[in-house]
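Listed here are the chains, written in short residue letters.
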Amino acid sequence: MRAVRDPAVLPSNVREFPRDRLTDAELVERVSAGDSQALMLVWDRYARAVRAALFASLGPDHAIDDLLQEVFLGFFRRASRIENPSALRSYLLGAAVRSATFERRTRARRSRWLGLFAANGKDDASYLPEVEAHDILRSLTQLLEQLPERAREAFVLRYVDDLSPPEVAIALGVSESTAKRAIAKGRERILVHAARDPVLHGYLTKVMGGRL
Amino acid sequence: MKPSRERFDSANYELAAEAIGVALREAAAAATTPERLAVEAERLRRAVAQSRPTRRIRPRLVYSLAAAALGASLSFGAYWLSKSGGAPLALEAEVCNAPQAGTASRVFRPAGRHYVAACERKATELRFADGSRVGVEAEARLRVQDLYANGASLLLEKGRANVQVVHRSKQSRWTVAAGPFAVTVTGTRFDIAWEPASERLSVELFEGQVENRWAELFVRCDAQGWATFRGFDEGSTVEHHTSRGTRSEAGGCTGAHEARVSSFVRFASRIHSTRFTSAKAELDPNTGGARHPSHAVRFSSVPR
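Here the protein sequences come in this chain order: A and B.
Read in numbering that gives the first Met the number 0, the first sequence has 74 at position 75, and its numbers run on one by one without any break.
Read in numbering that gives the first Met the number 0, the second sequence has 133 at position 134, and its numbers run on one by one without any break.
These are computed hints drawn from the structure, not numbers from a lab.
Just so you know, these numbers come straight off a predicted model, no measurement behind them.
Virtual Cβ for every residue (Gly too), placed ideally from N, Cα, C.
Incorrect hints may appear among the rest.
Straight-line alpha carbon distances no greater than 20 Å define the calculated SDA-like cross-link-like pairs of lysine to any residue that follow [said to hold, decoys possible]:
1) A:Lys205 with B:Tyr12
2) A:Lys179 with B:Asn11
3) A:Lys184 with B:Val21
4) A:Lys179 with B:Leu14
5) A:Lys184 with B:Asn11
Here chain A is said to cover these stretches of chain B; the calculated rule only asks that three of the stretch's residues, wherever they fall, bring their Cβ under 8 Å from a Cβ of chain A [as the list claims (entries may be wrong)]:
6) 16 to 23
7) 29 to 38
Excised from the complex, chain A in its bound form:
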């Protein structure tokens, strides 16, 4: 049975189904029909996770909010083409890490050919948390920059956004085994480098209670 969208046409004794209880697939269907309110519900549900993925991929960066807008606008325009609407979270997070990767590539090209990298607004001061956390974050951002694209995307999706390996596979558009290999590769490289970084090593030792 189709949900009635216009509350004005509902009988007085019938209330519209609560929008915040709609499933992802139902939200995607509504967004694909041009329902902007449904898009804002998706925003409320996933904006933080998408922003976290962008933040983890790029570090503190002034472009994060622009990319966040791009991810949701892209979803709004292409919602009808999503093949698996119930995997909306994977779709949005995958779009986020791909956007971040694309942004990195663009900057690398610019810095290589035009020398404009210095103007990218890295380390936006408004994002800086306390000093110790900032040091950890800076080290992690440098570590992530050294990873291959696929491994970085997989690591962020798996450990920052807490997606399962099958969800990572959906987000990256690869097979599950490929996603698992990418996760393992990213994890190993991060940890090998983290063991050599005094700030990260100290943080991990503290967090894990000396079990390193």
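We have chain A; now place chain B onto it with these hints.
Structure of chain B alone, referenced to chain A:
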């Protein structure tokens, strides 16, 4: 501080990676204030107001449209080819079994045309690019006058030829001329023999090529002559169409039939038969030695 060279215990890899993830998540959460999210939500709302979702074009519809476009272009191409008489290139002809050492078969190709003179005891075969074949029997003489994209014009100067024409389209242009006659054939296998001395033409249609079809013998003659048909089955009907009316004969004409060809009469005979064992037409224009190029014979099989 000097960086440590130690590696993490592999058993703690997962925990360490999760700890790093938590650190990144907390940093992201700290940088994502509700006020900032509200500002961005309003920005998105304004952007959406100026944007419309794109409609999905269903793959099945795309494939259907593509198939329709392909079919239309193929149909147009086929129509254009049929209207323009086929491909602009002419058929290619190849002469087999001749010339060979020790035989008297000869092939001449003046200006790309073939003149085939079979030897005394051995037949020669002409193969065309569309799959049609013409066997030139011993002692026969055949000339390929023209090659078209959809047929050929052959001139049997002497002897017997076995013609097997591959029916491609209604636009086929296969003609075999012999003396004053021109035999037009579409999609049949037949023998044609011409005796210049007696000026006698014999056209024999073979079984299998005209099954469940009707054959038509069209004779246009400006002089008196005879047409003899042989070999069709019992129950067949022969219709003679002349400028003075149509006369039909049935039953009694089984096996053999003769028709007088009067001068200045356009004459056409149709043989209706459910099955031909063979249909043979022998034509004697009885021209008294004079050639009448207006004589024409069309012996064809047409689907019912």
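Exercise. Against the structure, test the hints numbered earlier, and report the numbers of the ones violated in rising order.
Key: Of the numbered hints given earlier, the structure breaks none, since each of them holds.
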